Amino acid sequence: MLKRSFQEIYRVLKQDGIATIVYAHKSTEGWETLINSLLDSGLIMTGAWPLNTEMKARLRAKDSAALASSIYIVARKMERQPTGFYNEVKEELKKHLNKKLNRLWQEGLSGADFFISAIGSAIEIFGKYEKVMDYQGNIIRADRLLTDVRIITTDYAVSQILHDGFSESSRESENISDLTRFYLLFRWNYGEAKLQFDEARKLAQSCSIDLSKEWNKGFIKKDKNFISILGPQKRILEDLKGSSELINVLHKSLLLWEKNKRDEMLELQ
Numbered sequence: 003m004l005k006r007s008f009q010e011i012y013r014v015l016k017q018d019g020i021a022t023i024v025y026a027h028k029s030t031e032g033w034e035t036l037i038n039s040l041l042d043s044g045l046i047m048t049g050a051w052p053l054n055t056e057m058k059a060r061l062r063a064k065d066s067a068a069l070a071s072s073i074y075i076v077a078r079k080m081e082r083q084p085t086g087f088y089n090e091v092k093e094e095l096k097k098h099l100n101k102k103l104n105r106l107w108q109e110g111l112s113g114a115d116f117f118i119s120a121i122g123s124a125i126e127i128f129g130k131y132e133k134v135m136d137y138q139g140n141i142i143r144a145d146r147l148l149t150d151v152r153i154i155t156t157d158y159a160v161s162q163i164l165h166d167g168f169s170e171s172s173r174e175s176e177n178i179s180d181l182t183r184f185y186l187l188f189r190w191n192y193g194e195a196k197l198q199f200d201e202a203r204k205l206a207q208s209c210s211i212d213l214s215k216e217w218n219k220g221f222i223k224k225d226k227n228f229i230s231i232l233g234p235q236k237r238i239l240e241d242l243k244g245s246s247e248l249i250n251v252l253h254k255s256l257l258l259w260e261k262n263k264r265d266e267m268l269e270l271q
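Note that the numbering used here gives residue 118 to position 116 of the sequence shown, counting from 1, and the numbers run on in steps of one.
If you're looking for bench data, these hints aren't it; they were derived computationally from the structure.
Keep in mind that this is a model prediction, so the values were computed, not measured.
Among the hints, a few may not be true.
What the hints assert, rightly or not - Once the Cα atoms are required to be at most 25 Å apart in a straight line, the calculated BS3-like pairs of lysine-lysine come out as:
hint: 1; residue 1: Lys102; residue 2: Lys92
hint: 2; residue 1: Lys196; residue 2: Lys226
hint: 3; residue 1: Lys133; residue 2: Lys5
hint: 4; residue 1: Lys224; residue 2: Lys196
hint: 5; residue 1: Lys261; residue 2: Lys196
hint: 6; residue 1: Lys236; residue 2: Lys223
hint: 7; residue 1: Lys130; residue 2: Lys5
hint: 8; residue 1: Lys261; residue 2: Lys243
hint: 9; residue 1: Lys97; residue 2: Lys204
hint: 10; residue 1: Lys133; residue 2: Lys16
hint: 11; residue 1: Lys16; residue 2: Lys5
hint: 12; residue 1: Lys215; residue 2: Lys261
hint: 13; residue 1: Lys215; residue 2: Lys204
hint: 14; residue 1: Lys219; residue 2: Lys243
hint: 15; residue 1: Lys236; residue 2: Lys215
hint: 16; residue 1: Lys133; residue 2: Lys79
hint: 17; residue 1: Lys223; residue 2: Lys196
hint: 18; residue 1: Lys130; residue 2: Lys16
hint: 19; residue 1: Lys204; residue 2: Lys219
hint: 20; residue 1: Lys204; residue 2: Lys96
hint: 21; residue 1: Lys97; residue 2: Lys133
hint: 22; residue 1: Lys130; residue 2: Lys97
hint: 23; residue 1: Lys215; residue 2: Lys196
hint: 24; residue 1: Lys215; residue 2: Lys226
hint: 25; residue 1: Lys223; residue 2: Lys204
hint: 26; residue 1: Lys102; residue 2: Lys133
hint: 27; residue 1: Lys101; residue 2: Lys130
hint: 28; residue 1: Lys226; residue 2: Lys204
hint: 29; residue 1: Lys130; residue 2: Lys79
hint: 30; residue 1: Lys102; residue 2: Lys204
hint: 31; residue 1: Lys215; residue 2: Lys243
hint: 32; residue 1: Lys204; residue 2: Lys224
As the list claims (entries may be wrong) - FRET-style restraints, in silico, Cβ to Cβ:
hint: 33; residue 1: Thr149; residue 2: Arg189; range: 13 to 23 Å
hint: 34; residue 1: Lys263; residue 2: Gly49; range: 51 to 61 Å
hint: 35; residue 1: Lys5; residue 2: Ser245; range: 41 to 51 Å
Backbone N, C-alpha and C fix where the C-beta goes; we use that ideal spot for every residue, glycine too.
Full structure from sequences and hints, please.
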């Protein structure tokens, strides 16, 4: 239905005509459907920006992981380049995204809005081509695009978070472990909210983590179809002994500080 709707928009538009699409779905599955439908319709996405469209006092559970904004997508009926090879398209995508991510960060976007806006920016490059394929002739679809965008955006976000939290010369983002990276991103994106398993799994994949091997062992908790992470106040000091994982060491130091065990805390250095 969505694909046919976009195809009809394409049909009635004049050449270089503009269509504006408002999108407020929070899942990447929804994005995959939207992206594939746009690409198949022939429309070229030329911009995507988040706008606050809901009252801040709306009735919604405080631990919801929903978007704070709707994404306004601008698409045009334009001539497309015939074929793009993914190695070249991916390099173009990285350069384009780095510029866009800087702007999004400077404008104060955070959390899910930041990631979703990055996806929108990526389609501007991807959509220029009638089809994108690898050198084996396999057509690249939205799922592959989203995986790569998530990795690029994850690296950028962690770098910015650590830059803001440490120093200008800091290189911690290149050295922190995958689990600590996942913790930082989850906290920055969703705070204390519970997240649908599939969304959490995709975030974990961008950090090279198999979520099914990690839940209910440390700070990652699974409850039915939801994933949440534990802050230091919800962890047990004894469970953290002997761990060299950065986030565990940080949590342990906070718990020792709370218990006024300064000598033990200094031994962690």
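- Task: Decide if the proposed pair is consistent with the structure: lysine 226 and lysine 204, CA atoms, cutoff 25 Å inclusive.
- Result: holds, 17 Å
- Hint consistency between lysine 130 and lysine 97 [alpha-carbon to alpha-carbon, up to 25 Å]: holds, 15 Å
- Task: For the pair supplied as a hint, lysine 204 and lysine 96, confirm whether the alpha-carbon distance does not exceed 25 Å.
- Result: The hint holds at about 19 Å.
- Task: Sort out whether lysine 5 lies within 25 Å of lysine 16, counting only the CA atoms.
- Result: Roughly 19 Å separates the two Cα atoms, so the pair holds.
- Query: Should the hint that lysine 5 and serine 245 are 41 to 51 Å apart at their CB atoms be regarded as holding?
  - Reply: Given about 49 Å between the Cβ atoms, the range holds.
- Item | Restraint check for lysine 204 with lysine 224, where alpha carbons must lie at most 25 Å apart | Holds, because 15 Å separates the two Cα atoms, which is no more than 25 Å.
- Message: Against the 25 Å threshold, does the CA-CA distance of lysine 204 and lysine 219 hold or violate the hint?
- Response: holds, 19 Å
- Item | Restraint check for lysine 223 with lysine 204, where alpha carbons must lie at most 25 Å apart | holds, 16 Å
- Pairwise beta carbon distance, lysine 263 to glycine 49, judged against the given window 51 to 61 Å: holds, 54 Å
- Message: For lysine 102 and lysine 204, compute the direct alpha-carbon distance and say whether it is at most 25 Å.
- Response: holds, 22 Å
- Message: Next pair to validate is lysine 133 with lysine 16; report whether the Cα-Cα distance is within 25 Å.
- Response: holds, 22 Å
- Compare the distance between the alpha carbons of lysine 236 and lysine 223 with 25 Å, and conclude whether the hinted pair is satisfied. Judged against 25 Å, a Cα distance of about 11 Å means the pair holds.
Hints 5 and 12, counting from the list given before, are not met by this structure.
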